[in-house]
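In order, the protein sequence lines correspond to chains R and S.
Using my numbering, the letters of the first sequence correspond one by one to residues 1 to 332.
Using my numbering, the letters of the second sequence correspond one by one to residues 333 to 571.
In case anyone wonders, no lab produced these hints; they're calculated from the structure.
Predicted, not measured: the structure shown is a model, and the values here were computed from it.
Don't take each hint at face value.
[Unchecked claim] Quick partial rundown of chain S residues pointing at chain R, CB under 8 Å, derived from the structure:
| # | residue |
| --- | --- |
| 1 | R348 |
| 2 | L352 |
| 3 | W404 |
| 4 | W443 |
Cβ atoms here follow ideal geometry from the backbone N, Cα and C, with glycine treated the same way.
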Amino acid sequence: MSLSPPVVASGLTFSYGDGPPVLAGVGFRLHEAEVLGIVGANGSGKTTLLRMIAGLLRPQAGTLGVTIPSPAVVFDRLPFQEALTGAENMRTILALRGRKRAADRQVGAGCLSDFGLAKASDQPVSAYSFGMRRRLALAEAFAGEPSLLLLDEPTVGLDPLGRDALADALEQVSDRGGAVLAATNDADFAERCCSRVLLLHQGKVVAEGSPKSLIAELAAPTIIAVEFTGPVSIGSPPGGLATLDVPSARAAADYDPPAAADTVTPRALEFSSRTGTAALADLCAWFAAAGADISSVQVREPGLADVLRSVAGVGLEAGHQAAIDVLGVPGS
Amino acid sequence: MTGAVWRLQWAVALRRRRLLLWNLLVPALLLVPVALSGAAAVHKAVVFTLFFAFFGAYGSCIPLIRDGGSGWAEKVLLTGYGARPWLVERLLASAALDWAQLVPVTLVLVWLASGSPTDTAAILTAQAVALLFANLLGIAVAAVVKSLAEAALGCAIVCLVALHLAGVFRAPTVGTWAETASQLSPFRPLLEVWRSTLRDGITGLSVSWLPPLALAAALALFVLAAGVIGRRTAENRAV
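Full structure from sequences and hints, please.
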């Protein structure tokens, strides 16, 4: 284990030409055995930050220390030697990294297999689908046991099996002590695979922490979606449901006919509950008393996507500061 | 420098059989009719030299621009391979491939000119020198242009100027800087051996060691600048 973290960034600032700052004072540390997710909406500066860490862009202000030279990277573009097979591409990348022994080739073949490309490895890459290209790029990056891995939107184009393979590979890197920086706007992936998340909004870090802690800090409500077999009339909720946000109850389906929120006759309703599923029994009892016939009830716990929506959706214009206050970002 | 890029260039060239076939056929389709024509020997020599120069320059420039635009160049550099070895190996492989692809048509042209084995050896040697220089020019163009269209234009201009300086189109005035430049040009030996082979009144070879020395100097400069050129090429994302 080295003494200093693989990546230490402080006050990173960057603009393209005379444009507005893409990064405005970004700072963080990436530790060994850590999978750090950089989560943010499109244009929040994630890719620029990754390219800077890879050495392709220089910060215009701030300091950046990367202790591991030549990290393995997968960027948005997936360039390959199209005439060569997947296995030949893999061997080429390993050879360029100076790994030409038979053992290295076996590692490469193993990575191709891990990402479900064992059968396709003898086909030319020109015959690969987009998802297969993504898998090949990931397999190349993970081959050779990298100590530092930079991934830009790694789940784009991946099917569920590919996502599972990626999650397994990330776990292996982390277990081995490697560090991973993954820029993504796939909140599910970040929640599943990242030990820590950096929430980037308009070039600034607006929140940092484990996915669970961010969700808890945001205090996003549980969504309870109720569907009925037909239109029903509901009145005001009984006292036991005072904590229920009725309706914010935004009707997910058609109203019949349109009416005020507390007198609608919807076929489906969504409720925001700040007490989790505790209100579920009272909610069902309320509808039973109103003679409503429930066809299904779905409960959706808040996730990182809700945190992202809160920051990106509420946005700077209207309630950015409020969102930041909720998130409790130090120094914002 | 481990030879990984050299091997890659050869593997890709041999795998792309359609392109390989074109690279073998097109020179023959263009040059054999010229050889069979009643054109003056000096004009034939000019056409052959010009074609080989363009073949080399375009052959190194266009793929490099493509690799910059596709992100492959960036990918190679991000493996830590280094811009200098990448570009030097690429230059050598590209020139060697061009030479190998032009050997068949060269043999046909020499045979049509009733050339001797000595002529053949001289032409193939001069061709190697000229192709290496032309590939060097192509890579230099690739480092400064931003698109395939600019590359095509840039290669044409640079090659024509270099050929002009070599005295390919008009013999330079004796005792001027133009004569010195032509004596140094790596394109010059190719022109002269073709003229000799085509019996253009030249008796014996007048090829000097100066052009290869000039080429060696150009290569040394290239190796020094290859790091910058390589990074510049990899940054070229617009095609």
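Problem - Violated hints - listed by number, lowest first - result: 2, 4
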